[in-house]
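The whole structure should be built from the sequences, with the hints applied where relevant.
Chain by chain, the residues:
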Amino acid sequence: MQLKLGWKLRALREASGLTQAELARVLGIENRQSLGLIEAGSRKMSAEELVRAIEFFEIPIDEFATPFVVSPESRFSWRQEGVANADLVRFEQQAGEWLAAWLELAQATGFDIAPIRQRLSLTRSSSFEDAASAGEHIAASWELGPVPAKVLPQAVESRLNALVLMVDALPGISGAACRLPTVDAILINRCEPDYRRNFDLAHEVFHVMTWESMPPEHIDGASPTNRRVEQLADSFASGLLMPASVLRDYDENSPDLASQIAEAAAELNVSGTALRWRLASAGKISQDVARSLPADELRNGRSKRVEAPPALYSKKFMEILARGIAEGHISVARTAKLARTNIDELADLFCVHEVTCPFEL
Amino acid sequence: MSPLNARPILVDTNVILEAHRCRCWNPLVGGLQVETVEMCIAEAYTGQQRRRDQLIIDPGALRKSFHSVHAVSKSITAGIALLDGPALDIGERELWAHAFHRQDAWVLCGPDAASMRFGYIHGFRDRMISLEELLRSVGSRIPPDLRLHYKAAWLRELFAKFALETK
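Line order of the protein sequences matches chains A and B.
Under our numbering, the first residue of the first sequence is numbered 1, with each subsequent residue one higher.
Under our numbering, the first residue of the second sequence is numbered 1, with each subsequent residue one higher.
Simulated from the structure, these hints should not be mistaken for lab results.
It is possible that part of the hints are untrue.
[Said to hold, decoys possible] Using 30 Å as the maximum straight-line C-alpha spacing, the simulated BS3-like pairs for lysine-lysine come out as follows: (1) B:Lys-161 / A:Lys-4; (2) B:Lys-161 / A:Lys-315; (3) A:Lys-150 / A:Lys-315; (4) A:Lys-337 / B:Lys-64; (5) B:Lys-74 / A:Lys-4; (6) A:Lys-337 / A:Lys-44; (7) B:Lys-64 / B:Lys-74; (8) B:Lys-64 / B:Lys-151; (9) B:Lys-151 / B:Lys-161; (10) A:Lys-44 / B:Lys-74; (11) A:Lys-4 / A:Lys-315; (12) A:Lys-44 / A:Lys-4; (13) A:Lys-4 / A:Lys-284; (14) A:Lys-337 / B:Lys-161; (15) A:Lys-337 / B:Lys-151; (16) A:Lys-284 / A:Lys-315; (17) A:Lys-284 / A:Lys-150; (18) B:Lys-74 / A:Lys-337.
[As the list claims (entries may be wrong)] Just a sample of chain A residues kept apart from chain B, beta carbon distances all over 12 Å, derived: (19) Ala-24; (20) Arg-32; (21) Ile-113; (22) Ser-133; (23) Asp-249; (24) Asp-256.
[Said to hold, decoys possible] Partner residues aside, some chain B positions facing chain A, computed with beta carbon under 8 Å: (25) Gly-30; (26) Leu-82; (27) Ile-90; (28) Pro-111; (29) Ser-115; (30) Met-116; (31) Arg-117; (32) Gly-119; (33) Gly-123; (34) Asp-145.
For each residue, glycine too, the CB sits at the ideal point set by N, CA and C.
Below, the structure written as structure tokens:
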């Protein structure tokens with residue numbers, strides 16, 4: 001607990017722009033060195049110091065003294081547009097809590113969480129074709145079948161031993177790749193349309209598999225220098241979701257070519273636009289023809305009915321929560337708060353994921 | 001050990017709600033010295049129950065039915081928050097913080113495995129009790145729809161599991 005308190009204190013101090021010496025003075029701690037020891041988990045924080053800290057930072061005690069805090073080495077890379085920095089910071093804290101809880105409970109219940117860090121042999125100077133080929137190779141070696149998008153979340157969880165969480169994110173946030181020292185995770189905004197969710201997931205898989213060679217930025221594409229990495233990630237995603245083996249041949253002269261592509265895209269759970277460019281890069285249609293296809297017709301294959309978003313989180317996540325509750329490592333009420341549900345909705349969530357509900361209260 | 005009716009019985013939010021749902025609250029508070037903390041009583045009020053179907057509970061009557069409702073200071077709650085152990089919700093943590101602070105022969109009733117683990121690892125195995133057992137102690141009928149986690153057998157089994165872990 002002391003280590004987690006230290007991490008939390010450090011995160012709050014850094015977010016406030018305070019030095020260790022300044023915060024030590026505020027909290028009545030002897031000196032900067034002592035605060036450093038608390039942040040490193042080497043010196044215990046007293047109850048009085050904790051009270052002064054929650055009063056100074058104006059946060060509830062259960063938010064401060066939580067065992068579910070990610071280590072300072074954890075990294076997030078967000079795919080977002082137009083989200084205010086303060087909102088993103090808050091959401092990142094929430095995301096960190098989900099991941100830290102999963103990690104903590106998995107360890108407490110003896111679940112193997114060691115990520116399988118399969119690397120892609122790509123660099124910044126790789127071509128977009130190489131990136132797409134790498135995506136195709138993964139689709140084949142993971143045996144994703146004729147509609148890779150359908151099975152990709154489960155495949156990522158099993159092949160990389162990573163966590164793929166469907167979450168209710170702020171509007172504007174599509175998803176994130178997350179790297180904790182002992183967990184890789186991908187968050188996807190479940191409220192986005194299915195084709196976008198699928199493309200985001202495939203894009204984030206690229207980041208997870210190239211984190212060391214091409215570390216993604218905190219905000220995807222924020223700096224022009226990293227733009228190429230994002231383009232490589234998009235090419236990889238195209239190859240992964242639309243490998244050559246599932247691409248049909250098309251008659252470029254057909255008057256309803258755009259509609260045919262739109263229908264094929266709907267079957268593959270990708271957007272018509274994404275399939276159009278994939279067909280062009282795979283040489284199935286020419287770049288000129290691809291450019292000439294009307295965007296509105298490419299959208300025609302999409303079902304008009306509004307589909308319910310996928311269930312929150314994932315089965316793998318819920319299984320660990322269930323074990324944590326059953327073995328008494330987290331209370332039901334605390335789990336409901338973590339999952340942002342009430343207690344009955346939490347029970348429903350276990351049911352939806354076909355995980356036996358671990359409580360009857 | 002003194003009989004249950006001579007000891008303070010600390011109950012959490014879940015117990016308050018289950019006893020109301022099963023209509024056994026009155027015999028419970030009529031026969032025992034039932035106490036709680038401010039956070040747990042607040043969580044039991046209609047609208048705050050974190051359940052889909054809200055029980056209609058009159059706040060004034062609920063408060064009056066307790067022998068005592070304790071305010072827990074920030075520093076007492078902070079002391080508990082610094083301890084290792086399972087992750088508890090704020091009401092559960094406040095109840096334990098209050099219990100740790102007391103010197104008398106309190107008994108705690110809660111249906112959550114994590115809350116019970118918290119008490120178990122801090123040496124309070126003999127201070128925890130099920131709602132079913134409390135109802136028996138006052139001679140009340142056991143409601144047929146009493147949920148699993150409020151039963152004596154569930155608590156016994158849980159403690160047996162904890163005991164096996166520590167061997």
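Hint numbers not upheld by this structure, sorted from lowest to highest: Numbers 13, 16, 25, 32, 33 and 34, in rising order.
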